[in-house]
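Residue numbers (my numbering), protein chains in the order written: chain A, 1 to 600; chain B, 1 to 256.
Please keep in mind that the hints were generated in silico from the structure rather than gathered at the bench.
Keep in mind that the hints are not guaranteed to be accurate.
[As the list claims (entries may be wrong)] Using 16 Å as the maximum straight-line C-alpha spacing, the simulated EDC-like pairs for lysine to aspartate or glutamate come out as follows: (1) Lys219(B) - Glu493(A); (2) Lys315(A) - Asp113(B); (3) Lys490(A) - Asp469(A); (4) Lys149(A) - Asp113(B); (5) Lys5(B) - Glu21(B); (6) Lys219(B) - Asp333(A); (7) Lys465(A) - Glu493(A); (8) Lys146(B) - Glu493(A); (9) Lys149(A) - Asp117(B); (10) Lys149(A) - Asp125(B); (11) Lys5(B) - Asp46(B).
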Amino acid sequence: MSHVSSHHHDVVIIGGGGAGLRAAIAIAEENPDFSVACVSKVYPMRSHTVTAEGGAAAVIKDNDSLEDHIYDTVSGADWLADQDAVEYFVNRAPEEMIQLEHWGCPWSRRPDGTVQVRPFGGMKIERTWFAADKTGFHMLHSLFQTTLKYGNIVRYDEHFATKLLLDDEGRCRGCAAIELRTGTVRAVLGKSVIICTGGAGKAFPFTTNGAIKTGDGMAMAYRAGVALKDMEFIQYHPTGLPGTGILITEASRGEGGILVNRDGRRYLQDYDLGQPLEVDDPRHPQTRTMELGPRDKLSQCFIKEMWAGRTIKTKDGDAVHLDLRHLGEKKIDKRIPFVRELARSYAGIDPVYQPIPVRPVVHYVMGGIDVDSDSATNIPGLYAAGECACVSINGANRLGSNSLTELLVFGGQAGTHAARFAMDHPDYDVSGLVAQADDERDRIRRTYFSSPAKSGGERIAVLRKELHDSMEEGAGIYRNADSLEATCNKIAELWERYANIALDDHTNSFNTELTAALELSSLLDVAQSMAHSAMERTESRGSHQRLDHPERNDDDFLAHSLAFHREDGSAPRIEYSPVTITKWPPGARTYGADSGLKRE
Amino acid sequence: MAETKTITLELFRYHPETDSEPRFQSYEVPYDEDWVVLDAINWIKDYVDGSVTHRWSCRMGVCGSCGMMVNGEPKLTCAAFLKNYYPFPIKVEPLVNFPVERDLVVDMEGFMDKLQDVKPYIIRDDVNDTSEGEYLQTPAELAQYKQYSMCINCMLCYSACPVVGHEDDFLGPAALALGHRYNKDSRDQGQSERLEVMLRSEAMWGCTFVGECTVVCPKHVDPAGAIQQAKAMGAQEYFKRFVMPKGAGATKGAGA
Numbered sequence: 001m002s003h004v005s006s007h008h009h010d011v012v013i014i015g016g017g018g019a020g021l022r023a024a025i026a027i028a029e030e031n032p033d034f035s036v037a038c039v040s041k042v043y044p045m046r047s048h049t050v051t052a053e054g055g056a057a058a059v060i061k062d063n064d065s066l067e068d069h070i071y072d073t074v075s076g077a078d079w080l081a082d083q084d085a086v087e088y089f090v091n092r093a094p095e096e097m098i099q100l101e102h103w104g105c106p107w108s109r110r111p112d113g114t115v116q117v118r119p120f121g122g123m124k125i126e127r128t129w130f131a132a133d134k135t136g137f138h139m140l141h142s143l144f145q146t147t148l149k150y151g152n153i154v155r156y157d158e159h160f161a162t163k164l165l166l167d168d169e170g171r172c173r174g175c176a177a178i179e180l181r182t183g184t185v186r187a188v189l190g191k192s193v194i195i196c197t198g199g200a201g202k203a204f205p206f207t208t209n210g211a212i213k214t215g216d217g218m219a220m221a222y223r224a225g226v227a228l229k230d231m232e233f234i235q236y237h238p239t240g241l242p243g244t245g246i247l248i249t250e251a252s253r254g255e256g257g258i259l260v261n262r263d264g265r266r267y268l269q270d271y272d273l274g275q276p277l278e279v280d281d282p283r284h285p286q287t288r289t290m291e292l293g294p295r296d297k298l299s300q301c302f303i304k305e306m307w308a309g310r311t312i313k314t315k316d317g318d319a320v321h322l323d324l325r326h327l328g329e330k331k332i333d334k335r336i337p338f339v340r341e342l343a344r345s346y347a348g349i350d351p352v353y354q355p356i357p358v359r360p361v362v363h364y365v366m367g368g369i370d371v372d373s374d375s376a377t378n379i380p381g382l383y384a385a386g387e388c389a390c391v392s393i394n395g396a397n398r399l400g401s402n403s404l405t406e407l408l409v410f411g412g413q414a415g416t417h418a419a420r421f422a423m424d425h426p427d428y429d430v431s432g433l434v435a436q437a438d439d440e441r442d443r444i445r446r447t448y449f450s451s452p453a454k455s456g457g458e459r460i461a462v463l464r465k466e467l468h469d470s471m472e473e474g475a476g477i478y479r480n481a482d483s484l485e486a487t488c489n490k491i492a493e494l495w496e497r498y499a500n501i502a503l504d505d506h507t508n509s510f511n512t513e514l515t516a517a518l519e520l521s522s523l524l525d526v527a528q529s530m531a532h533s534a535m536e537r538t539e540s541r542g543s544h545q546r547l548d549h550p551e552r553n554d555d556d557f558l559a560h561s562l563a564f565h566r567e568d569g570s571a572p573r574i575e576y577s578p579v580t581i582t583k584w585p586p587g588a589r590t591y592g593a594d595s596g597l598k599r600e
Numbered sequence: 001m002a003e004t005k006t007i008t009l010e011l012f013r014y015h016p017e018t019d020s021e022p023r024f025q026s027y028e029v030p031y032d033e034d035w036v037v038l039d040a041i042n043w044i045k046d047y048v049d050g051s052v053t054h055r056w057s058c059r060m061g062v063c064g065s066c067g068m069m070v071n072g073e074p075k076l077t078c079a080a081f082l083k084n085y086y087p088f089p090i091k092v093e094p095l096v097n098f099p100v101e102r103d104l105v106v107d108m109e110g111f112m113d114k115l116q117d118v119k120p121y122i123i124r125d126d127v128n129d130t131s132e133g134e135y136l137q138t139p140a141e142l143a144q145y146k147q148y149s150m151c152i153n154c155m156l157c158y159s160a161c162p163v164v165g166h167e168d169d170f171l172g173p174a175a176l177a178l179g180h181r182y183n184k185d186s187r188d189q190g191q192s193e194r195l196e197v198m199l200r201s202e203a204m205w206g207c208t209f210v211g212e213c214t215v216v217c218p219k220h221v222d223p224a225g226a227i228q229q230a231k232a233m234g235a236q237e238y239f240k241r242f243v244m245p246k247g248a249g250a251t252k253g254a255g256a
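Looking at chain B on its own, in the form it has when it is part of the complex (with noise of 0.2 Å):
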């Protein structure tokens, strides 16, 4: 018979009631190449360190829980795969740029707070009942904010960008892209405040492009290209509003 394939994860432990210190921890795991890397976690909790701590639910990358890092890239681990690793260790960790609650765990506190203040819902003077039927939207229009509307809040673009690591008040990749998102729905009228929230931070306009979001975004939302346009569009607001006051408030155009 033949051995038994095993293959190393080392996980980041760290409990707050007992830890003044994070540290790894190593378990071998029975190798599998359909398994994904949340299996082989999921394996060492059922049977072997109950104490070991991390969200999933839905293992098909659509309900967000699981991102880690995994040997040092933001992932989510419901969606990589033991055999690109396999026969090396792999070293599993807390997405880096958010406070840890436990083991793997962070806080999205901070997170939840910032996709709240972009208010990312459809915003309008005049709401129409519902007996008059469905707003009218052209598949053109649809396809101006549908990518936008495809993050599920995973927060791998929180550790993968630059800016938000060390400011605080950046409201981050995956939430501006969100209010580009409404900011570009033709049944919204909220741009203009959506995007006095959006542009409130210095740290926005220190975002340089460099796109590191866009290339760990599972869902290819592209958080970089949103900003780049929400910028573009803060401008021509700024210049509506203090250069030619009598155009003041932004109004969305057909196709804006």
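One chain only, chain A, in its complex shape (with noise of 0.2 Å):
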């Protein structure tokens, strides 16, 4: 066969949510004669960081402070996080917050003309800017937009990348990608590479996630040899619909909404979370306390509420009720009218006159591709950046409203740093990549085309469907041993049968089924490193909790857990690599009153 054709350019960014759209603008701006790459599987505008709700978190008030934002992202990632990591993270957020409502983003505004800030969850002080209940969605279309500026931004939309292409020095030089429209693998090519491909939430089945979340990056960069960091931990966002698992989003609490339990009462009292001030208070929602507690703590006391016997029954599972009808319908409409537009539409419910039925959902993975401070992997050229990447600023628990500023800290980061490496290490040996890109072309066929289409092998959505129940059974929420086990083995299988998989489609054409097939493949690797790295931590911290090992162990913990490719379906190898700490040591983590301001 003939080669695959080649395209070059500066810097290849694969994703174009909000990680690889400001990469792109950092690199467009800093660099106009440079040519940037954005490939993405989707429209930029489709990416699933539009769907975020409630805010993005950055210093600007006078009441506040950085050291503030500091510790309580520290606290709340139960230690986890590297500090320093950390410290340029909040130090460069408001600058990257003002540089977004530059470039048009509707922030919701106080009527002095500054922007509004609310409260969120695990946040001393209120500093989450938002667009209403949209802010995602604004912060993306924003982004998009301002890339139609730049002419030298080319992208590359709805092409599928599956392969990185490395040179013979070991430099990562571009991707393999199926354009969907007709089917034909193209070789995109530059002199360094960004990989935003954003979470991995659908390796569950019950989750906030959009379909195209698959962690299809995160397999990409580990079969090249860079760790997955930190995988076991998932975070479950503790108010999601039950049934369809959409999100209501954390600033419905922010605005003073309440979680109550099958007989009425606001259960987080009961579990070391604050006392409940009367919704009337004027001090009510107070921050770091009760519902504007941390999302793992969160949603751990709902699994204890529902072992207690006193959730609500819904045909969809056990639920609480977190209820807004206090709010009234004018607050309702102006700080959170999504909240119920989403309610109305998918529950049949109208929060300004009934409650509305929640449950934890997966929404968001703390790990991902191991990446320095400086947002590169020990692949030189490769950098990562977005929910695909773990710096780590989230550690065991992500607080809301940190990772829409974390696209843009770490994406304009992640493009400085990227087109820099391009300047300074320009020639490559265009042959052999395109001869990699070949390889993968022969091999997709191989591997999906080469059985007679419908010849009654293992189908997508089965195996699919038999990861979920079992990540949900086994790796969920509270995990133990034998559950772990149980999934790992699972997961072996899986990959067993997937060499078995048929499918019903053999042509070239926008063939999503092979597009699923491959973001099935993704997944079983993401889970697997998952499952594996949750079994190896034998200790309780954050959203990692292990009924068999309840406590948290800094001796042996403290540590980022770092998770090795070998071939597909064996178990990965685990290693460990320290935290960094500066200022923060390891402390008790307490939420409720005048928690986060004993710092000494």
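With the hints in hand, could you dock these two chains into one complex?
Here it is in structure tokens:
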């Protein structure tokens, strides 16, 4: 067969969500003569950043301080965050947010025209910027529309990247990608590469994540030899709609919403999250207290209430009530209109008049591609940013509203560093890279199109459902050695069966059954790293709760797990690397009145 | 045991490699009153026919991927509930007024070009440094354009629009509303160059405020209203530029 076509740029970005677009603008602005490729499996404005609701954190108000944002983030992370990275993140956050304001993001405003902020879970001071409750939507569209200004950003929309291409010296120089419209494999080449492909919530059955969040970039880096770091830390958001998993934003609690159990009790007071104030008390809601506790703890409280028989039975499983009625129609429509729209459309509930049934739902992967505080991986020329990456600023539990800011801060930083690498290492051998992309094209045809169509082999949806059920069962909010072992074994079995996958569709044009098969292989790799990392971490920390090891163990596990890929199907090798502690030694993680102020 | 209820979906099928003409194919789908049309299409793809081709992602009405014609009306299929059609069959087709790539997937390159044409970004002569803080914008100034910033690019309005269908160079409701969004933003100074693009096409003047775009918009953007306002701004611009040359260069006054 002939060679795949090659396309030449200075920097290649894989992923067109918030981090990828921010990186693209950083490169395009700082290097007008650079050509930046943005390779995305969807049109950029479809990227999952679009669904983020509540807001983005950055210190901007006089009553706030950088130190407070750092402390909230570090303690929220159960001390597993790297404090040098958190300091950089918090220090850069305000400028990045103002930059996005200058690019047109329609932030909600105070009467004097300055940006408005709201309180958020685990944050001692209100510092969450918001655009009503469609913050991610507005950020993504503002970024995407701003990229249209730059002639040197070249988009490869609806191109599904499948493999990283490395030169003879081991530097990353591009990717092989399938153009969906035609099925053609292309080599998109550059002097450096940034992965910004988002998370992998679709490894679980019940998730806020869109269909596209299948961990493709994580799997690509993993197979190329980069570790996946801290993959055992999966965030359950405490308030999703039962059945669909649609997110009801934390902003609904930031605006004063409360959580009650079957008996109408604000049950969080029974779990060391402080004491409730009356909803008409002007001090309600109190930061770092009750409903504004961190997500990991709130989701764990739900499970304990369920075990105690105090949850509400719905046809879609157990739930508690998120009650917003006391906020009144006017405030709901002004501050959280999308919550009302979603609850009415998808739950048949008008939150102005009725409480919303909610339950924890997989929302975010704290772990990801192992990068240092410069967003660089161990492969020269390969960078990663956003949810797919693990710097780590999120540690064992991410605070709500830090992830949107993370896209900007680390997307921009990755762009700058990748551009610098491209300048310093301009020359590479094209033919070797094209040969790798040729091999990748042939591998895809051999793997997915060689057995006859409809040959009675394994079906993607069946394998995916078994993966989902096993992850929920064995690697959910509470885990133990037995449950994790069952999941690890199940994933190994699914890998064996994956070899017998049979597609109905062997054609080239827009073959979404092929992309679903590729996505399933990403999910299997990522899920395997999650389950094995969880198995090895015999302690409980943040979102990783082991029933058989209920205490945090700093002596042995104040460390990042690193999962290294072996061949498909075999268990990863797990190693550990130290956590960077600068000024905030590990302490007790307390919430409730006055928490977060005692730092000495 | 009660018999499982089902509903029939008639899907538009067209494969560019094998079909000279589109056809319809019927599928029996289990009926669940919580399901939307998108769930039913996904069920078909997962368990019956993996070659059925469509776009989707968020399933919560904000990514804009899953717009299709449902019984002849442009809809987000993630927001079109089976219960609103049951027990009758549901016919699903790709969005009209776009070329079809395959099955329910349309070619959106033309739409993407139109979005870019209206210069949908802040244009300023004097760009502040970020160290000077945010541009001030009062809630009233925000309200001037907020509604027009809510477009999710789902393209339903292009399928509803009677002008888009026969005027290729018409920028269309979503792109014009987006241009208007920036024209009405108090931080922007690019109205003049943007209007030049927005008004270049005769077709825009052909938009007769039928308002079908506004009716089908799932996010209440009101493109029809935006287009009427843009026409008025265009007329003012014309007046300033050619009738009163000394007042040239439209700048935005407070509360423009």
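Here is how each hint holds up against the structure:
{"no.": "1", "hint": "Lys219(B) - Glu493(A)", "verdict": "violated, 45 Å"}
{"no.": "2", "hint": "Lys315(A) - Asp113(B)", "verdict": "violated, 46 Å"}
{"no.": "3", "hint": "Lys490(A) - Asp469(A)", "verdict": "holds, 10 Å"}
{"no.": "4", "hint": "Lys149(A) - Asp113(B)", "verdict": "holds, 13 Å"}
{"no.": "5", "hint": "Lys5(B) - Glu21(B)", "verdict": "violated, 32 Å"}
{"no.": "6", "hint": "Lys219(B) - Asp333(A)", "verdict": "holds, 14 Å"}
{"no.": "7", "hint": "Lys465(A) - Glu493(A)", "verdict": "holds, 13 Å"}
{"no.": "8", "hint": "Lys146(B) - Glu493(A)", "verdict": "violated, 51 Å"}
{"no.": "9", "hint": "Lys149(A) - Asp117(B)", "verdict": "holds, 10 Å"}
{"no.": "10", "hint": "Lys149(A) - Asp125(B)", "verdict": "holds, 15 Å"}
{"no.": "11", "hint": "Lys5(B) - Asp46(B)", "verdict": "violated, 19 Å"}
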